[in-house]
Every structure is written in structure tokens, then in C-alpha cells.
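K.L.:
Following the hints, put chain P in place on chain F, whose structure we already have.
Just so you know, the sequences run in chain order F and P.
The first sequence begins at 0 in numbering that gives the first Met the number 0 and counts up by one.
The second sequence begins at 0 in numbering that gives the first Met the number 0 and counts up by one.
No lab work stands behind these hints, which were simulated from the structure alone.
All values reported here derive from a predicted model rather than from experimental measurement.
For glycine and all other residues, C-beta sits at the position ideal for the given N, C-alpha and C.
Hints may contain errors.
[Claimed, not checked] Only some residues are given here: those of chain P computed to face chain F with a beta carbon under 8 Å:
hint : residue
1    : 294
2    : 416
3    : 430
4    : 477
[Stated by the list, open to error] To spell it out: a stretch of chain F is covered by chain P in this simulated footprint if at least three of its residues, at any positions, have a beta carbon under 8 Å from a beta carbon of chain P; those stretches are:
hint : stretch
5    : 84-97
6    : 371-384
[Claimed, not checked] The list that follows gives simulated cross-link-like pairs (lysine-lysine, DSSO-like), each with its CA atoms no further than 30 Å apart:
hint : chain 1 : residue 1 : chain 2 : residue 2
7    : F       : 456       : F       : 354
8    : P       : 134       : P       : 45
9    : F       : 294       : P       : 250
10   : F       : 354       : F       : 252
11   : P       : 527       : F       : 92
12   : P       : 250       : P       : 196
13   : P       : 15        : P       : 45
14   : P       : 134       : F       : 92
15   : F       : 417       : P       : 527
16   : P       : 472       : F       : 92
17   : F       : 294       : P       : 527
18   : P       : 144       : F       : 92
The primary structure of each chain is shown beneath.
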Amino acid sequence: MKKTTDKQQLLDQLEQQELSPEQRSALERELHGEAIHRPFVPTRQDNTLGPFASLYASNDLQMLQAMSAPQGSYTTHIRTLDELLERDRQREKDGFPRKIQVGRLIKPQQGAGDKVIVVPTTVEEKLIHDNQFSDPESGGGGQGGSGEGDEGEVIGEAPVRPEGQGEGQGAGEGKDAAHEVESSAYDLGRILTEQFELPNLKNKGKKSSLTQYTYELTDRNRGFGQLLDKKATLRRVLETNIALGNVDEDGVKDPSQLLIAPRDKVYRVLSREKDYESQAMVFFVRDYSGSMHGKATELVVSQHVMIYSWLLYQFARRVETRFILHDTEAREVPDFHTYYNMQVAGGTRVMAAYKMVNDIVEQENLARDYNIYVFHGTDGDDWDSRGKETLPELKRMLDYASRVGITIAEHLYGGDRKTQVETYINQSGLLDTHGDLLRLDSMGEDAPEERIIEGIKTLISPS
Amino acid sequence: MELINQHSKKIMEGCKERARDAGLRFDDQSLEYVVTNRDMLELSPKVMIPTLYDYWVHDVEVLKEKGKYELYPGNPYETVINTRPAISFYNDNNPDWLNVMIFYHVLGHIDFFQNNLFFRHTWDYDLAGQALADKRLIARLRAEKGRWVDYVIEFTRGIDNLVGYYGALSTLEQSKATQESKRCNYFFDLFLQQERKVTPTEYVAEVARYNSFQEKFKSRGEAHFFAEVVKQYPEFEGAYRAYRKNGHQPKLDLIEHLIAHSPFLNRSENEWMKSVMQVVRSTSIYFQPQIRTKIMNEGWASYWHETLFLKDERIRGHEVDFARVHSNVTSIPRVGLNPYALGLRLFQSIEEFEDKGRYSLEFQRLADATERKHYDSHKATGHQLIFDIRENYNDFNFINDFVDQDFVDQHQLFVADRRLDEERMVWQYYVKSRSAEDYRQMLMDSLYHPPTIEIDVRPSGSELSLQHVFEGKPLVRDFIQNTLLGVEFLWGAPVALETHEPAPNSSLPAESRGHDGQGKPVPIQWNKVIYRMEDRQLTRTLV
Numbered sequence: 000m001k002k003t004t005d006k007q008q009l010l011d012q013l014e015q016q017e018l019s020p021e022q023r024s025a026l027e028r029e030l031h032g033e034a035i036h037r038p039f040v041p042t043r044q045d046n047t048l049g050p051f052a053s054l055y056a057s058n059d060l061q062m063l064q065a066m067s068a069p070q071g072s073y074t075t076h077i078r079t080l081d082e083l084l085e086r087d088r089q090r091e092k093d094g095f096p097r098k099i100q101v102g103r104l105i106k107p108q109q110g111a112g113d114k115v116i117v118v119p120t121t122v123e124e125k126l127i128h129d130n131q132f133s134d135p136e137s138g139g140g141g142q143g144g145s146g147e148g149d150e151g152e153v154i155g156e157a158p159v160r161p162e163g164q165g166e167g168q169g170a171g172e173g174k175d176a177a178h179e180v181e182s183s184a185y186d187l188g189r190i191l192t193e194q195f196e197l198p199n200l201k202n203k204g205k206k207s208s209l210t211q212y213t214y215e216l217t218d219r220n221r222g223f224g225q226l227l228d229k230k231a232t233l234r235r236v237l238e239t240n241i242a243l244g245n246v247d248e249d250g251v252k253d254p255s256q257l258l259i260a261p262r263d264k265v266y267r268v269l270s271r272e273k274d275y276e277s278q279a280m281v282f283f284v285r286d287y288s289g290s291m292h293g294k295a296t297e298l299v300v301s302q303h304v305m306i307y308s309w310l311l312y313q314f315a316r317r318v319e320t321r322f323i324l325h326d327t328e329a330r331e332v333p334d335f336h337t338y339y340n341m342q343v344a345g346g347t348r349v350m351a352a353y354k355m356v357n358d359i360v361e362q363e364n365l366a367r368d369y370n371i372y373v374f375h376g377t378d379g380d381d382w383d384s385r386g387k388e389t390l391p392e393l394k395r396m397l398d399y400a401s402r403v404g405i406t407i408a409e410h411l412y413g414g415d416r417k418t419q420v421e422t423y424i425n426q427s428g429l430l431d432t433h434g435d436l437l438r439l440d441s442m443g444e445d446a447p448e449e450r451i452i453e454g455i456k457t458l459i460s461p462s
Numbered sequence: 000m001e002l003i004n005q006h007s008k009k010i011m012e013g014c015k016e017r018a019r020d021a022g023l024r025f026d027d028q029s030l031e032y033v034v035t036n037r038d039m040l041e042l043s044p045k046v047m048i049p050t051l052y053d054y055w056v057h058d059v060e061v062l063k064e065k066g067k068y069e070l071y072p073g074n075p076y077e078t079v080i081n082t083r084p085a086i087s088f089y090n091d092n093n094p095d096w097l098n099v100m101i102f103y104h105v106l107g108h109i110d111f112f113q114n115n116l117f118f119r120h121t122w123d124y125d126l127a128g129q130a131l132a133d134k135r136l137i138a139r140l141r142a143e144k145g146r147w148v149d150y151v152i153e154f155t156r157g158i159d160n161l162v163g164y165y166g167a168l169s170t171l172e173q174s175k176a177t178q179e180s181k182r183c184n185y186f187f188d189l190f191l192q193q194e195r196k197v198t199p200t201e202y203v204a205e206v207a208r209y210n211s212f213q214e215k216f217k218s219r220g221e222a223h224f225f226a227e228v229v230k231q232y233p234e235f236e237g238a239y240r241a242y243r244k245n246g247h248q249p250k251l252d253l254i255e256h257l258i259a260h261s262p263f264l265n266r267s268e269n270e271w272m273k274s275v276m277q278v279v280r281s282t283s284i285y286f287q288p289q290i291r292t293k294i295m296n297e298g299w300a301s302y303w304h305e306t307l308f309l310k311d312e313r314i315r316g317h318e319v320d321f322a323r324v325h326s327n328v329t330s331i332p333r334v335g336l337n338p339y340a341l342g343l344r345l346f347q348s349i350e351e352f353e354d355k356g357r358y359s360l361e362f363q364r365l366a367d368a369t370e371r372k373h374y375d376s377h378k379a380t381g382h383q384l385i386f387d388i389r390e391n392y393n394d395f396n397f398i399n400d401f402v403d404q405d406f407v408d409q410h411q412l413f414v415a416d417r418r419l420d421e422e423r424m425v426w427q428y429y430v431k432s433r434s435a436e437d438y439r440q441m442l443m444d445s446l447y448h449p450p451t452i453e454i455d456v457r458p459s460g461s462e463l464s465l466q467h468v469f470e471g472k473p474l475v476r477d478f479i480q481n482t483l484l485g486v487e488f489l490w491g492a493p494v495a496l497e498t499h500e501p502a503p504n505s506s507l508p509a510e511s512r513g514h515d516g517q518g519k520p521v522p523i524q525w526n527k528v529i530y531r532m533e534d535r536q537l538t539r540t541l542v
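In isolation and in its complexed conformation, chain F is listed as follows:
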């Protein structure tokens, strides 16, 4: 109830200022409308029940012969990712939407560093019933059960947010379902850069000069190479001929008389120089409040996995990452796996997360040594609906960050109104004054993969 009172107060304050009819109704709707922060409720198909979660989940091979689902990957079928993507491009030319998704089913592995599993996936769409809507009037619902216990008696409990596990939106049938190709995030970054034409990072002044390799004709080589170094070659030729006695003290009389041994030719060769001066620190910030349930979360995590992979490729692995989740409080989690799988609940205060990022940067003095990137994914709800607390933190962040990218996954049921986060950031004018540093992208929570990749381009493209 406290929440409503706070908001009522806020609304009363706003009454005294001048409000447009649209703003007014948006606020009214927010206050009295459906946008309540509900606790997270997973769908019925969650995995807590093991093989008996559904009538049709068990099969003879597993039950009788203890055979697990086969393990392997698309490579067993002699297809490469490139072939699949080529087929997809052809589909687009034929006028049909793309079918292969590379990002939807990537799972960071627990305790495996930058190891991310890339599974090219597809969906075979059919007209089927959506079982999450059952009319309460019909009295249905529930699962089977057996044993002791009176009606109404609680027979067991399971945590809503199992710590350190949970399969999230992942593929397959749990931990031992390794029927996927293992590929490092680095490869995914390459695919994203090459196949989906994500831009390479541009040089943006000293601080973020991030060329990973420079090709320079600095090394010399005798015998073969790209470019003949005439001066050095002539010197060697002379040395050889002096040794052979072809050159007397007066100098060379007839250059055509000089012998040129193959080893005397000195070339410059193209060599790859690694540029070690830049490194990046990326903060991934994700809203895991109750309203993020479902597609919004799926969208944000899959976009973040892709950004992570892309940065890993761009910085030739010289990327450090920090993961922050927030509802009304912010918390830092140790790895991508936890970040990816942590389930949603609670309310929303964006400020908490931004403040945590700022504090970490300050305390660890990160701004001096790193290019700092912050990517934030949210559904755009914020209890601080005018951004009064959030905007100062955001401004603080823009002082040191190389790029702050905010993705808003708009709920389908939200109607046409702009989300709160989008509204207050737009109104703050930060997008204009700090256009090179701050990017904001809104998309529907059911956006297809192309749109998500398009979103990454918006967030990271040079100004």
C-alpha cells in the first residue's frame, strides 16, 4: 500500500505543475491501472517436477533402459553454421522471414569462463493452444499427486529462485543435455560481426582506441616477402660483393657485374601487431523485477549474450565483465550463468543499479584503466517514475563511460504509451547532450532476433 500512497503524493505534486492530458492519463493509468509489480510466477512447464512434469515427458528408452537423450550437434549432420545462415539469406530473398536463430539458445556455462554454447535453433510454428491461459471458472489446473495429506495441507516447498541453478530460458533437458555445439562466445562474436554486419568498433579518441590488430610492414625477411627494401638489399649485395672481391677501393665501376645472391634480397613483410593498450570493462545490468517475467527477460538476456560475445571478439578477449541484477535493490552476481538464469521477482528501482555501477567504478578506480561500457536491459517500468533519483546517477555514469546502452523491452499489454524510463530519459535531454555516450532503444518484448541484433547496432554504433 505504501507504494500507492507514494505515488499518490507524487501525483499530487505533479498536479501543481502543468501536465498535458496525455501525461495525466498515463500517470493515472500507472497509478490505478494494471501495471502492478506482481511477484514472479513461472509457467507450469518449469522443471521442478523432473520427468513427471507432464504426462508425455517420459519415454521407454529413458525409463526402462536408462538411455539419455542423444548427445551431438548440428555438426554431426555435416552442416556448418555458415550453410544454415546461407539458407536463411536465401529465404529472405524468396520473401519469407528468416528461420535460424543463433542467439536465442545460447547458454553461458557455469564456471567455464567465457564459454558460451551456441545452438542454431529454429521453431516449427503451428496453430496450438496456449496453455497458460486457463479460465479459473472451469476449476481446472493443478497437477497429479499421491500419498498422505488432507485437502488443503501443504506437502512440500520449493524455492522460487533456486540459488546457483535453474535452467532459465535454456535449451534441452538440463545439465547433462549437452547435445549442443560448444563454441566460445568469441566465435559468436565473429558470426555476429561477419554474418549480421555488426559494425567494428571505431576509434574514438585515445581513450577508446581499440584496434585489435595493426598490420605493419615492420619486420624484415631475407629471401622473400611483400616489399623489397631496396636500401637494405643494396647494402647486403655490397657486403657480399666486397667479400667476394668484386668491389675495389674506388667503388663500383659497373653495377651489372655485381653478383646478387637470393639471400641478399631483403624484404619487408606484413606482420600482425597486437595493440595491447586498450581493454574494456563491461557492466551488464538487468532488471529482474516481477514485471520482467517471460519474453522481456528472454529478450534482454539474449541481447546481452550477443553484446558480450561481440565485445569479446572486438577486444580480442580483453574484456572484463561485471554482472548486476536489480529489482528495488541491486546485487552483483559472479558470472554470466547466474546473471542469465536468475529468475525474476520484486519491484523496480533503476537507480539502485546505476548507483551500484557508479560505486564500483569509483571504489575500484576503474575509469583510469578501462573503457567502461554499461548495458542495461529493462521493461521500462520504474517506481521512480520521473527519474528524479535515476537521472543524477545516470549523469554521473556518463562522466566516465564510453557508452551506456539502454534496451527497453516494451510489454505487449502496455498499450501505446511510452515507458517511464524512456519518457524521463527523453525529457532529460541527455540523449542530445550526450548523444555520443548514451543510447536508448525500445522494442516490443516479442521482437524477433533480427530486431535484437538491429538493437545492438543502435546501442553500439559510433556517433
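P.N.:
For chain P alone, kept in the frame of chain F given last:
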């Protein structure tokens, strides 16, 4: 894939003899293969049919989480497939006693496939052989038409869960022609029900009138009856003549309708697409009964592996090993549904109840609990009854007829549900109901049930208009776009789909929609919407 060795095959043949003696009926021939992980990788996308047609999606990880069983009714990891001869798959290192148990289980399945009437349409041909011919056809077409073959497969698979399975079954099991004339059959079966759409009361009144005329006028009864009918329905004779002229039009499913009436497919350059669609359709129809008999099929197989294993003298000494595996397979979980356990218990209870004569009026009328408990009329017909059930039932009527309060009480079954403890952020599982009615309803709700899509056979212009028959659930919205895209491609003109969707404010799952004043969950408001696909663009209009 390799056949099992001669030693194991000999054991299998021994099992067959014992199973036959116990009353199971199946073909003499069967094939048993040892499968490796690699074999399984190739087989599982093809629902274990080694000769199924090639399709690129089989090579990709398919995202099935949403509606896995709705999308893929065929079990991807089935041990035995319903081919002629039946083919079954084995691990290569099973000990003999375990193989005996599995062999009995497999024989239970084969007996079920070959005797249950819901598999009637699969009895006359061998799917493995048919599939091989289809695979070659598709390979040949692919060589000519390239990727377009895959588009046709894709778009047809998009609607292959809407196949007219029951229609296909009913053409095979026509009841014997009744005594009545064709005119009479037309009047009662089609004219009253489909043309006039009379209420059941009116229908029953007509039947009564017919019977009274028969009684009164004997052999001339029908003539008198129809003289009356024409007075009441002057259009009847005309309608009947038209029906005689055109013959009875069987109801077509969506794929058949496209094949028969699509202007696009009927162009000569597109005729080849129809054969691809037929392949997809017939494959889908073949797999329809499996998921509709999961509880019965697994229950029947478990019943027989238990019964026959314990009698088999060849594997004495492995009773404890057997018990361990068997109880793992057939235990009733504290929360959850195990089709093996449920089916096995049902068959065992039915046999026991029938042996004691409890499916009788006399028993139903007994109110005294002690008397009910000790009731036994020594009818001893249980064995016969479970064989009849195996022949004539599917999961739906199996549950509907036999999950009664006695059964629920006998096995201490209940409907479990869970609620959120917000303070501690845990799910609390609790006993929701112990009534047989609720338990039956819960089972019904978890059965496979594809949507019913009606085709409006009198479309306006060239547009194909589809109606999703509303059964309290919306369609998965994400999937509508691509499915309709495919239908539009195959139809060659715009396609409209009418369906129901929850209003935006009630689009959340039941648990989070909140409650009204009386503590009841807020009911969903349903809106009627029309999706229209034209030139590959989807529009959605609220009606």
C-alpha cells in the same frame, strides 16, 4: 544400426511364445536393433522411423520448449515403432534379465498397436516401406525443384496437427448399413443436423414421430412419414435430390481442402506440391494415435512386463533387480503424473473390480462403506474386460470411464497445486482436492488436444476463411504469423483466421491476475479477433 545377436533374439522368441500363451496377439515377425548415440541422433528427429523423408529442420536444434508435446505428438525416443514388422531399439549392453523385461514391455506395445482400434488405419501397410518410397519421391522432387520442396514441407508441417485423424478412422470403421433407407438416413443424419440445425429436443421429437409412423403404418410407415415431413420442410425433397446428385461430400481437413480447392496448387506447374503435402499429411495421421493412447499404451505394456516377467522361469534369481527397475518405472510420484504408473494401476484396478463384479448396478447402489469394501460377486471376468478395453478405448474414455472415487481412494491420489509464499519466496505444494471428479478433470486437462480449425467452405471471393473453435484457450500468438504465411502461400490468396484472445488486462497467467472481492481469481475477458494474411503481411482486427 545392427540387429541384436542370436542369443538375444532367441530370448525374444521365447518371450513371444509366453506372451501369446497369456493372450496377447501380434504378428510373428519383429525386428530388434541395437542403437548407438549416433543412431539416436539421426533417429530422434525422424520420430525413430529410419526411412522418414529428409528435411533440413531435422538437422537443427528445434526450439520446442513452448508446447513441446503439442507441436510434436510423435515420441522422439520411442522404444518400439508401429511398423510391419514392428521395429524396436535397444542399448547394446543390457543384461539378459533386463532384456527379458524390455521384450515383454515391447510385446505389450506391439499387441496394443496391432489390436487397438485407434490404430486401425495403420494396419494395412508398413510405414517403414511407405516412408522410404516417400523419401525417394521427395529426394527426386528436390533434385528438380530445389529449395521450394522444403518450403512446401515447412508450410504443410505448419498445419499437420490439424489433420482429420478421426475422419480418416471413421472411413475405415463404417458401421454396417442400417435397415433404413438412404432418404431416411439423409433426413436424420444430414438434413436435420446440418441443414436445419435443429435442437436435440426437436431431433428427438422427429425420431419419435418416425417411430410412431412405423408402428402405425408398418411397411408404409416411411412413406407416410415423409409425406408429413414435406409439409413441414418444403425444401426437403429438393435438398435430397441435390444430395443424391452430388453425393456425400466427406469433411476435408485443412491440408485436404488446400489440395482439393487451392487455385494455386491446381495450376499445372504446381501440381507436384500436392504429392509433397500428401506425404506430410499421411505421416502425421500415422502418428496421431500414439499420443492419444499414451497412458493406456504404457499401462498395458507395464502390466504385461510385470505379469509375464514374474512367471518367466528363465530368469529366476533376478527378482530383486527387476523390482528395482520396475518400481522406478511404475512408482506414482508424490507430485506429478507418471503415465506408466497411472495406466498400470488402472488396468490392475479394473481387472480386480470387474473380477469382483463391482461395475454393476447392485454395487453402485451400495451405500454402506464396509459392504462396499468386502463386495465380491465372483464374476471373474476382469481378464476379458481389460482385453476389451485394450481394443476399444483411448486415453480420453479410459480416464472418463474408469477414474472413479474407488480408484482414486485405492491409490491415495489427489490433485496437487501450489501457491506462492511471498514472504519466503517459496512455492508451497498442497493437496487441492481428493475428489475423483477433480482428479479426472485434471487428467483431461493434461491430455493432448490440438485446436479445431473449421474451414468456411463458402468463402467470400477467393479468400480462405478459417475459424478457430473456441475452447477456453487462445492460440499461441507468436506462431500465428508464420503458420498463416504458409497457408497463404499454399492457397495463393489471402487467408483469414478468426480466434479468441484474452483482453490486454487479463493477458497474465491466472496466478498473477489477482483476485476479485470474493477471493476468486479474476476471470479472463475474451475478445474475438481476426488475423488476416495478405501479401505476406499480417493484420489483426478486433471484432
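K.L.:
So is the stretch 84-97 of chain F in contact with chain P by the C-beta rule, three or more residues under 8 Å, or is the coverage claim wrong?
P.N.:
holds (count 6)
K.L.:
Within 30 Å, alpha carbon to alpha carbon, are residue 144(P) and residue 92(F)?
P.N.:
Measuring from Cα to Cα gives roughly 16 Å; hence the hint holds.
K.L.:
Holds or violated: residue 417(F) with residue 527(P), Cα cutoff 30 Å?
P.N.:
Distance of about 27 Å is within 30 Å: holds.
K.L.:
Mind checking the alpha carbons of residue 354(F) and residue 252(F) for me, to see if they're no more than 30 Å apart?
P.N.:
79 Å, violated
K.L.:
Three residues minimum, CB to CB under 8 Å: does the stretch 371-384 of chain F make the cut for coverage by chain P? Let me know.
P.N.:
violated (count 0)
K.L.:
Decide if the proposed pair is consistent with the structure: residue 250(P) and residue 196(P), CA atoms, cutoff 30 Å inclusive.
P.N.:
17 Å, holds
K.L.:
Do the alpha carbons of residue 15(P) and residue 45(P) lie within 30 Å of each other, as the hint requires?
P.N.:
28 Å, holds
K.L.:
Decide if the proposed pair is consistent with the structure: residue 294(F) and residue 527(P), CA atoms, cutoff 30 Å inclusive.
P.N.:
Distance ~24 Å between residue 294(F) and residue 527(P) Cα, so the pair holds.
K.L.:
Under 8 Å, Cβ to Cβ, is where residue 430(P) needs to be relative to chain F, so tell me if that hint holds or is violated.
P.N.:
It holds, given that the least Cβ distance between residue 430(P) and chain F is near 4 Å, below 8 Å.
K.L.:
Decide if the proposed pair is consistent with the structure: residue 456(F) and residue 354(F), CA atoms, cutoff 30 Å inclusive.
P.N.:
26 Å, holds
K.L.:
Grab the minimum C-beta distance from residue 294(P) to chain F and call the hint holds if it beats 8 Å, violated otherwise.
P.N.:
7 Å, holds
K.L.:
With a cut-off of 8 Å, does the beta carbon of residue 477(P) approach a beta carbon of chain F closely enough for the hint to hold?
P.N.:
6 Å, holds
Hint check: violations occur at hints 6, 9, 10, 11, 16; the rest are consistent with the structure.
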